[in-house]
Structure formats: structure tokens, C-alpha cells
Amino acid sequence: MKNSVKEFTKGLIRENPTFVLVLGLCPTLAVSVSVANAIGMGIAATFVLLGSSLIISLVRNLIPDKIRIPCYIVIIATFVTIIELCMKAYSPALNRSLGIYVPLIVVNCIVLGRAEAFACKNNLGRSFFDGLGMGVGFTLALILISAVREFLGSGQILGVTLIKGFEPIFVFGMPSGALLVIGLLLGLFNLLKDKKA
Amino acid sequence: MMNNLIVSGSPHIHKPASVSRIMWTVVISLIPALIAGIIIFGLDALWVTLAATCAALLTELCFGIFTKKKITILDGSAVITGILLAFNLPSTVPLWLPVVGAIFSIAIGKQIFGGLGQNIFNPALVGRVFLMASWPKYMTTFTGPFSYDAVTSATPLAMLKEGRVLDHISYWDLFLGKHGGCIGEVCILALLIGAAILLIKGYISWHIPATYIFTTAVFTYIFGAEKFFGGDWLFQILSGGLILGAFFMATDYVATPLTARGQLIFGIGCGLLTAVIRIWGGYPEGVSYAILMMNAATPLIDRFTKNRIYGVK
Numbered sequence: 025m026k027n028s029v030k031e032f033t034k035g036l037i038r039e040n041p042t043f044v045l046v047l048g049l050c051p052t053l054a055v056s057v058s059v060a061n062a063i064g065m066g067i068a069a070t071f072v073l074l075g076s077s078l079i080i081s082l083v084r085n086l087i088p089d090k091i092r093i094p095c096y097i098v099i100i101a102t103f104v105t106i107i108e109l110c111m112k113a114y115s116p117a118l119n120r121s122l123g124i125y126v127p128l129i130v131v132n133c134i135v136l137g138r139a140e141a142f143a144c145k146n147n148l149g150r151s152f153f154d155g156l157g158m159g160v161g162f163t164l165a166l167i168l169i170s171a172v173r174e175f176l177g178s179g180q181i182l183g184v185t186l187i188k189g190f191e192p193i194f195v196f197g198m199p200s201g202a203l204l205v206i207g208l209l210l211g212l213f214n215l216l217k218d219k220k221a
Numbered sequence: 487m488m489n490n491l492i493v494s495g496s497p498h499i500h501k502p503a504s505v506s507r508i509m510w511t512v513v514i515s516l517i518p519a520l521i522a523g524i525i526i527f528g529l530d531a532l533w534v535t536l537a538a539t540c541a542a543l544l545t546e547l548c549f550g551i552f553t554k555k556k557i558t559i560l561d562g563s564a565v566i567t568g569i570l571l572a573f574n575l576p577s578t579v580p581l582w583l584p585v586v587g588a589i590f591s592i593a594i595g596k597q598i599f600g601g602l603g604q605n606i607f608n609p610a611l612v613g614r615v616f617l618m619a620s621w622p623k624y625m626t627t628f629t630g631p632f633s634y635d636a637v638t639s640a641t642p643l644a645m646l647k648e649g650r651v652l653d654h655i656s657y658w659d660l661f662l663g664k665h666g667g668c669i670g671e672v673c674i675l676a677l678l679i680g681a682a683i684l685l686i687k688g689y690i691s692w693h694i695p696a697t698y699i700f701t702t703a704v705f706t707y708i709f710g711a712e713k714f715f716g717g718d719w720l721f722q723i724l725s726g727g728l729i730l731g732a733f734f735m736a737t738d739y740v741a742t743p744l745t746a747r748g749q750l751i752f753g754i755g756c757g758l759l760t761a762v763i764r765i766w767g768g769y770p771e772g773v774s775y776a777i778l779m780m781n782a783a784t785p786l787i788d789r790f791t792k793n794r795i796y797g798v799k
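First to last, the protein sequences are chains P and H. Note that the working numbering has the first sequence beginning at 25, numbered continuously upward. Note that the working numbering has the second sequence beginning at 487, numbered continuously upward.
Think of the hints as simulated: they come from the structure by calculation, not from any bench. Values in this document were obtained by computation on a predicted structure and should not be read as measured data. We put the beta carbon where it would ideally sit given N, CA and C, even for glycine. Check before you lean on any hint, since a few could be wrong.
Chain P residues, not near chain H, derived (Cβ > 12 Å throughout) [unchecked claim]:
| no. | residue |
| --- | --- |
| 1 | Lys-90 |
| 2 | Cys-95 |
| 3 | Ile-193 |
Across the chosen pairs, the derived CB separations fall in these ranges [stated by the list, open to error]:
| no. | chain 1 | residue 1 | chain 2 | residue 2 | range |
| --- | --- | --- | --- | --- | --- |
| 4 | H | Lys-713 | P | Ala-113 | 56 to 62 Å |
| 5 | P | Ile-124 | H | Trp-658 | 52 to 58 Å |
| 6 | P | Gly-211 | H | Trp-582 | 54 to 60 Å |
Derived pair list, reagent style SDA-like, types lysine to any residue, alpha-carbon separation capped at 25 Å [to be verified]:
| no. | chain 1 | residue 1 | chain 2 | residue 2 |
| --- | --- | --- | --- | --- |
| 7 | P | Lys-219 | H | Phe-599 |
| 8 | H | Lys-623 | P | Gly-183 |
| 9 | P | Lys-220 | H | Ile-598 |
| 10 | P | Lys-220 | P | Lys-145 |
| 11 | P | Lys-188 | H | Thr-553 |
| 12 | P | Lys-145 | P | Asn-85 |
| 13 | H | Lys-687 | H | Phe-552 |
| 14 | P | Lys-112 | P | Asp-89 |
| 15 | P | Lys-145 | P | Leu-86 |
| 16 | P | Lys-26 | P | Leu-148 |
| 17 | H | Lys-555 | H | Gln-604 |
| 18 | P | Lys-220 | H | Phe-552 |
| 19 | P | Lys-220 | H | Lys-555 |
| 20 | P | Lys-217 | H | Ile-594 |
| 21 | P | Lys-217 | H | Lys-555 |
| 22 | H | Lys-623 | P | Met-198 |
| 23 | P | Lys-220 | P | Leu-148 |
| 24 | P | Lys-220 | H | Gly-550 |
| 25 | H | Lys-647 | H | Val-704 |
| 26 | P | Lys-219 | H | Lys-555 |
Can you build the whole structure from these sequences, using the hints too?
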């Protein structure tokens, strides 16, 4: 049990996929305009991570080594299709605002990275907690970035205006703003890590 | 005399000019343009410049305290950043705008990279582009000259972009700065006085400004009008921020190439980009973007224009 907790918590901060492993920056840059988008994207990615980690760790001994990547992609794509169809059915607005980035979860390096680095070498339980931790870590990172961007770029959080008379800084709503925020947060993470060490 | 004062690759000979001395000389050389700006746009121009400079100094001080490094507010570089940033703003902006811009310039443009000498981009331009992308409505509202009650007026380049007639502005008006524009860019005469101080002192070399202005002129002469070789090159030189950019911002020591050859390439690149943005781009003015793009190319230029080491083939 203690081990599983460790597998789960490492994804949150110590091996955070966005700020420490610096994986999956494409969806991070694109969907972190608003907190609502970030939560939707985070949940979708977590679901795919969890599902693909489970299946891959189950079938890891059946997959021939030479064609493992195509096999992973097929498994991942299955889960992406499930979440995309669900999203289209139950939350079409969110699906529209995330757009192409939902199907693109297939090639998200976090998902493929965990499949290649963890799920294919570890048993079911450990892979489950690893996938969950990474997914939650990714979601938290997305929420952090998008909260900064949404507040500075439009003066709102989740669509609620916080300060009256605040003149939004448009640049944070643009891709350049995403790069700025990610870069600064990355620097901050490294600073904290250096302080601790 | 010029030749032994050019900033070149090593080896160097020691001379008394220190960083802070050069920086303060640059500050002095900017004062004519500031006075001209105040005369043309009224006291608003002074407040904007003071706000930007104070904010730049304070940010520099805060970073010095926070990172426990040497406090560098007296070396003059933050003052230059503040003044140059203000020179790139219209005089009508609300006073928090230069403050935010200066904080961004110093914090993100310079200190994040490790302070003076480490910044890859010209800090003042980083601040300007940030403000331009964030609050375009303030950044593109200009007042006309000598109309202290803030009658808006477009810059000559913006009028050209919109295809409006320009015949009421003479070259002489452009040279003296009697037209709408940013605080420090309008009066070419004052800018040239400042540039002359720096050139005579040998703190900047002719390479970047000359090639920059020449390339822009040639390119806009060739492509600036409907038919080839019909562009109004003199107008292009005298309007917008070209002179300010070429002498005071494209010559930033840190973010420009070291060797003379590299500086020539840098100047030509700036000129090309400025002309392309002015003629075909979406913005009326391209000086700040051109210089920033070439700043980004500087490490590459430096790599390919290394001086030959004496005695090595």
C-alpha cells in the first residue's frame, strides 16, 4: 500500500509531467487559456492515462518488443475515442472549445511516455497508481497555468470577474503568454527544488 | 581614432570607460530627444518618462535585494531601459502603462536572464512589445504635436498604411518632429544630436545604424510604391522609430553581434525586416519587431563571424 501511495504522489510534484518532466507541452500551451478548458483537458488525459496504463500493464508480456509502439498507440487511441465520443455526447461546448486537442491526446507524450517508461515494466496496481498520479499532476499543472493566464488575460477565473476595473493583459491569452507563464512557473519549480536540495 | 574604440572580439586593451560611465553617457545623449518630446507633446511626455524610469529602477532594486546580488541601480542601465521604453510610448498613455511596461522590461527582459550582460533581447523593446500586444488601444492612440488638449492624430506611417494622403507633412516637419508619434521618436534632429555624442565618444560604431538605415531606405525605395523604384525613401527614414531604433536600440552592447562583420549583417537584417513589415506587414511600424528578431539571431551571427585567431588558418 505504501508503495502505491508513493507511485501516486510522485506524479504530483516530484515528477510532475509538466513542470519536471516537461512533457505534453502542446496541449498545455493550447488549452490553458481558461480554467474550464484545463479541467476538461486534465480529466480527459487522466482517463486516457489510467485506461492505457491498465491495459498495457495487463498485456505487457504478450506484446512483441519490436512492435510495441504501434500496439500502445492502438490501445491509447481506443481510450481517446471513448472519451471523445463521451465528450461530444455530454459536453459538446467543452468539446468545441478543446477542438483538435482531444484527438491529439493520442500522441500526447505523457501518455506514450508512461506506457513506454512505466506500464510496460510494472504490474497492474503500480501502473494504475502511476497513471492516476501522472494524470492528476498534469491536471493540477494545467489548472495552475490556466488560472494565471485566465486571471491576467481576461481578469476572470472560471468566467467570474474578480477585480473590477482591472485592464486585462491580452498577451496572456495568446500563445506567447502561455510560453511566458510556463517558463516562469518552470523556473519557480526549479528554484524551489534547488532550495530544498 | 574610431578604429580603436569599436567593440570587437577579444583581445581587449584596458581603458577607463566603464559600464556605468558608458551607460550614463547614453542617458545624457537621450536628453535632447526627451526635451524635444516635452516641447512637442507637453508635460505628459515628462511624466510618462519619469514613471517608466522610476519603475525600472525600483524593479532593479527589488531584484537586487531578492536575489542578494550587487545592487545595480547606479550603473545607469535601468535608467536607459526606462527612458527608451517611455520613448516608445505615446504621451497620452495612462501612467500605469509605462510602470507595468518598465517592470516587465527589467524583470522579464533582463533580470530573469541574469541581469545586465545576460539578456538576449533589448529590455526596453521587450517591454514595448509586451505593452503593444496587451493594450493596443492605448499604444496606438497618438496626439498631434502642440495640441496639449489631446487631439488624437495618427502617425505618418499609420496614415500611409491606411492609404491616406500625406501631402500636408513636409520632410522638414518630419525632421523636426511636428507630427504625431511616440515621445522619443519624433524629433530626428534631437536624436541625431544624441547619436553624434555617442559616435564621437566612440561608444557606438557606425556599422549597425548606417547599414540599418541604408537597407531600409533602399528596400522601401524599390518596393515602397506601386511600381518599382518609386518609394519615398526619405519619408521612410524620417518617420516612425527608425532613427531612434537604429542609433539607440539596435546598438545595445549585449544583444548585438561583437564583430564588425556581424554588426553589418545585423544592420542589414534589421533594415530588411523593418522594410518588409512596413510595406507588407500588418503593423504600420516594424522597428521594434525587426530589432528583437535580429537580437534572437545574434548568437548565430556571432558564431559565423568569429574573428580569425592570429596564427591559425
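Please name the hints from earlier in the document that this structure breaks, with their numbers sorted from lowest to highest. Result: hints 3, 6, 10, 11, 13, 14, 23 break, sorted rising.
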